[in-house]
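In case you want the letters, here they are:
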Amino acid sequence: NAGVTQTPKFQVLKTGQSMTLQCAQDMNHEYMSWYRQDPGMGLRLIHYSVGAGITDQGEVPNGYNVSRSTTEDFPLRLLSAAPSQTSVYFCASSYSWVGTNYEQYFGPGTRLTVT
Amino acid sequence: KNEVEQSPQNLTAQEGEFITINCSYSVGISALHWLQQHPGGGIVSLFMLSSGKKKHGRLIATINIQEKHSSLHITASHPRDSAVYICAVRSYRGSQGNLIFGKGTKLSVKP
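Chains as they are written, first to last, in this note's numbering: chain D, 1 to 115; chain U, 1 to 111.
Pulled out of the complex, with its shape left as it was, chain D reads as follows:
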């Protein structure tokens, strides 16, 4: 298994540009999520999905969109990039989210800079 993959690894955007961060997992996990990591702060949840066709907002959703058309893929879209979105973005997945707790698997991260 490749686990959780993310592309690109690095990206530089100009203010106002849009882009999509890709995330895929091959473990048939139901739960997928996007986090951002900023200096001096813990990881913060942007959006999450509990299955294909089901998404919901996390703690910091503004400026981001997600969709989940398949179990494997969970792309994160930046609609109009702003310098405040400069961060490291992590995608994560787990087998499920209810009942017995499940281990989280993280992607390698995408380092995004918005100028």
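Relax, there's no trap hidden among the hints.
Here are the computed lysine to any residue pairs in the SDA-like style, where the Cα-Cα straight-line distance is at most 25 Å:
| no. | chain 1 | residue 1 | chain 2 | residue 2 |
| --- | --- | --- | --- | --- |
| 1 | U | K55 | D | S96 |
| 2 | U | K103 | D | D38 |
| 3 | U | K53 | U | N98 |
| 4 | U | K55 | D | Y105 |
| 5 | U | K53 | U | F18 |
| 6 | U | K103 | D | Y102 |
| 7 | U | K106 | U | N22 |
| 8 | U | K110 | U | L11 |
| 9 | U | K103 | D | Y105 |
| 10 | U | K103 | D | Q6 |
| 11 | D | K9 | D | R44 |
| 12 | U | K106 | D | E103 |
| 13 | U | K103 | D | G58 |
| 14 | U | K68 | U | S30 |
| 15 | U | K103 | U | T12 |
| 16 | U | K103 | D | S84 |
| 17 | U | K55 | U | V44 |
| 18 | U | K68 | D | G58 |
| 19 | U | K68 | D | E59 |
| 20 | D | K9 | U | G40 |
| 21 | U | K103 | D | Q57 |
Think of the hints as simulated: they come from the structure by calculation, not from any bench.
Guided by the hints, dock chain U onto chain D, whose structure is given.
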């Protein structure tokens, strides 16, 4: 006040020392995770626990649900243990399955 607090923020140790990293939380939880983030940035799960104690090699994690506290211990520390250690709790509050993260403890082990 943050719902998940870690201490210390930074820790420097000599190779071979016994290391303890603490995590306190203020919400009801169903599980607590310890994660490791290496300088390259990748995050891996070390432990997931809801009671008692778990051990993997030189790493030991304990949790006291009544006191809302967990500790991560590293015995016989080694420079390759240098990383950021992150505590995260799966809270009953809000949507199921979402984790609340501490800010991390940066550990540096000197040879």
